[in-house]
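Since the structure of chain A is already known, use the hints to place chain B on it.
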Amino acid sequence: MDRFILKYFTLIRTVIAILIGIVVAVALIFLVSKDPGFSLRSFLLAPFLSRSRLSNIVEGASPIIFCGLAIAVAFQAKQFNVGAEGSLYLGAAVGTAFAVSTSLPAYLHVPLTLLVAAAVGLAWNVLPGILKAKWKASELVSSLMLNYVGYYVGLYLINFHFRDKKAGYLVSYQLPQSAWLQQFLPGTRLHAGIFLALLCAVLVYWYLYHSTSGYEVRMTGFNEKFARFGGINVVKVVVLCQLILGLLAGMGGMTEVMGIHRRFNWQTSPGYGWDGVVVAIIGRNHPLLIIAASLFLSYLRVGGQQLNLMSDVPYEMVIVIQSIIILLITAEAFLSQWRYHITVREAGKKGALS
Amino acid sequence: MNPLLKSIVSTDFGFAILRVLTPLLLPALGVAISGLSGASNIALEGIMLVAACVGVLVSAFAHSLWLALLAGIAAGVAIAALLGYFHLRLKADIVLAAIALNLFATGITIFLLFITTGDKGSSSSITSLVFPAVQIPLLRSIPILGPIFSGHNVLTYVSWLSVILYWLITFKTPLGLRIRAVGQNPDAAQSVGINVNRIRMYSLLLSGFFGALGGLYLCMGYLSWFSSGVTAGRGWIAVAAASLGNNMPLGTFLSSLLFGVVNALANYLAVLKVPSEFIQMIPYLATVIALAIYAGQAMRKRKASSEGPGPAGAGAAPDAVRAPGAEEPS
Chain A
1 MDRFILKYFT LIRTVIAILI GIVVAVALIF LVSKDPGFSL RSFLLAPFLS RSRLSNIVEG
61 ASPIIFCGLA IAVAFQAKQF NVGAEGSLYL GAAVGTAFAV STSLPAYLHV PLTLLVAAAV
121 GLAWNVLPGI LKAKWKASEL VSSLMLNYVG YYVGLYLINF HFRDKKAGYL VSYQLPQSAW
181 LQQFLPGTRL HAGIFLALLC AVLVYWYLYH STSGYEVRMT GFNEKFARFG GINVVKVVVL
241 CQLILGLLAG MGGMTEVMGI HRRFNWQTSP GYGWDGVVVA IIGRNHPLLI IAASLFLSYL
301 RVGGQQLNLM SDVPYEMVIV IQSIIILLIT AEAFLSQWRY HITVREAGKK GALS
Chain B
1001 MNPLLKSIVS TDFGFAILRV LTPLLLPALG VAISGLSGAS NIALEGIMLV AACVGVLVSA
1061 FAHSLWLALL AGIAAGVAIA ALLGYFHLRL KADIVLAAIA LNLFATGITI FLLFITTGDK
1121 GSSSSITSLV FPAVQIPLLR SIPILGPIFS GHNVLTYVSW LSVILYWLIT FKTPLGLRIR
1181 AVGQNPDAAQ SVGINVNRIR MYSLLLSGFF GALGGLYLCM GYLSWFSSGV TAGRGWIAVA
1241 AASLGNNMPL GTFLSSLLFG VVNALANYLA VLKVPSEFIQ MIPYLATVIA LAIYAGQAMR
1301 KRKASSEGPG PAGAGAAPDA VRAPGAEEPS
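So the sequences go chain by chain: A and B. Mapped onto the working numbering, the consecutive letters of the first sequence carry residue numbers 1 to 354. Mapped onto the working numbering, the consecutive letters of the second sequence carry residue numbers 1001 to 1330.
Be careful, since some hints might not be right.
[Stated by the list, open to error] Okay, derived cross-link-like pairs now, DSS-like style, lysine-lysine, Cα gap no bigger than 25 Å in a straight line:
1) Lys236(A) with Lys1301(B)
2) Lys7(A) with Lys1301(B)
3) Lys134(A) with Lys1303(B)
4) Lys1273(B) with Lys165(A)
5) Lys78(A) with Lys134(A)
6) Lys78(A) with Lys1091(B)
Since the hints were made in silico from the structure, they are not lab data.
Next up, chain A with everything else stripped away, as it sits in the complex (with noise of 0.2 Å):
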């Protein structure tokens, strides 16, 4: 027992930072709730108790996975660059005029529209990127200005230039339908770029765990200096995975548009970028977990909108808890004496076989 508690002691500390985030979620419906019971089970339950609540949890852990992924290669570097928001709600934005601009066949509509959205996405990083490497200006704050002005950006040129007036609210006009990524379980609104999701996740981890460059991006958040004296480019790497991050964002949010809506239709951001940030950090900036922890934070979400809409309790509940999640896993410490107290148990052990 104390053996597999150490082995797979971040896994359970992550573990216990999650129930401990739904014990405060449950005590703040006992605490503002009318009807706590049939709060909790809205929250806690009623996401897995229909078919079309089971696919939103997968559809919108979607752009989660490409954002958490986005934010995971640069963090895995170090570099807390935080754009993955104004990459892609400018990408998304950029790709959308694209796509609705142009008449290609689906086999390089739906491509292409991807590649724009991407590389709106990438250029986007490249300032925070050079600003951190060459000159070492903070890229948490330039990449978070960033987000305001690509934001400000994207809104212009969705309202004044591909705004669809017939539509009697702020929207762009529809994609082609060649642009469009196909839904494919009828009734669900599940659609081709979550399995393009799981496809760069797995992309991902290669890159980071197989590759040399990737073994570069997470030597240098290991030990930059150590790095450098080791030979790698750390400039070049501390560009690269800002770009990485803006790629897999712009993409992640295009698809979002070619799948689900068929329209740019975000007059706020949907603020895929923070949750990219937090599944980023439950996932532990490792591209499979990332995965799992999209899924999860999905589920919270659909509880929470179902908590909106059927209880007394505001939505906003679900962003207090993860927000606590998430401080209790970047707490090291946290946990670290039970942690010291099984070592010390598990040595004592093997001293007296030995």
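Just chain B now, with coordinates in the frame of chain A:
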């Protein structure tokens, strides 16, 4: 004369600059004092939000400005204390912990707003109080200077006093000396018996205090209500301002003033027939540009002062926010 130009070259514009300066200056001081101790607090966005929300709600329900002030400051300092606890005791990365706390603040403020007022958007359904404006007796009657510097909200004057207070703390008190020592070389400070964590905690608490004042001003002076996400990135601009000002009192004040001017200008340009999106992005764009220029210059200086092989900041500061200039020996 061009009407826009006319409105900019007026005392009103000067007044407007000082008005928008306050909610940037106070959190910038907050970032600066924590940055000086080597534990840069980037949770100012969250601190301002929580303080503003608590202040507005308390003033609406208790009808007391003093109580609102106390509660707001307490709430802001509490968030800073949480950050300190997680970073210093539980060894969380301060950037990630601050991001988590900012997220927490967005959630908890809307949550509180909803359960107290039944509205998620803003607190307009309840009547909250505002801090009074103050006319300064002699100053007000001086032409030009009077209309610019007199008649501001009391917290605006507090913000200027805060710059002086910050200067006094850092350069005239033992605590300030320790804060600077800990920031420049924690190991050396430790070796002479300074408790590094405790000093950093104090400076984080002070940063919470300044940030809370900024949040209170924002919703009980600049505006007279709280709305979700009301800080609109000011806490982040403050991070940029503090780093541009090298965490120093005057520097932070001047760089905040720069962003204040840009902000005020953006408000005035709104009369032009330019899409509002472009106007609204100006402060953020200006921040990026200022950051880039500053970082470039700081790097050039560093290179010039240490020609040849040397540490020159290479490999130092994995801590993202300390970045420009902070690790310079001064």
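Each hint tested on the structure:
1. Simply put, Lys236(A) and Lys1301(B) have alpha-carbon atoms about 23 Å apart, close enough for the 25 Å limit, and the pair holds.
2. Between the alpha carbons of Lys7(A) and Lys1301(B) the distance comes to roughly 49 Å, so the proposed pair goes past 25 Å and is violated.
3. As the CA atoms of Lys134(A) and Lys1303(B) are separated by approximately 12 Å, the hinted pair is consistent with the 25 Å bound.
4. With a C-alpha separation of about 21 Å, the suggested pairing of Lys1273(B) with Lys165(A) holds against the 25 Å cut-off.
5. The hinted pair formed by Lys78(A) and Lys134(A) meets the criterion: a straight-line CA distance of about 16 Å does not exceed 25 Å.
6. Of the supplied pair hints, the one linking Lys78(A) and Lys1091(B) holds, its CA atoms being roughly 16 Å apart against a limit of 25 Å.
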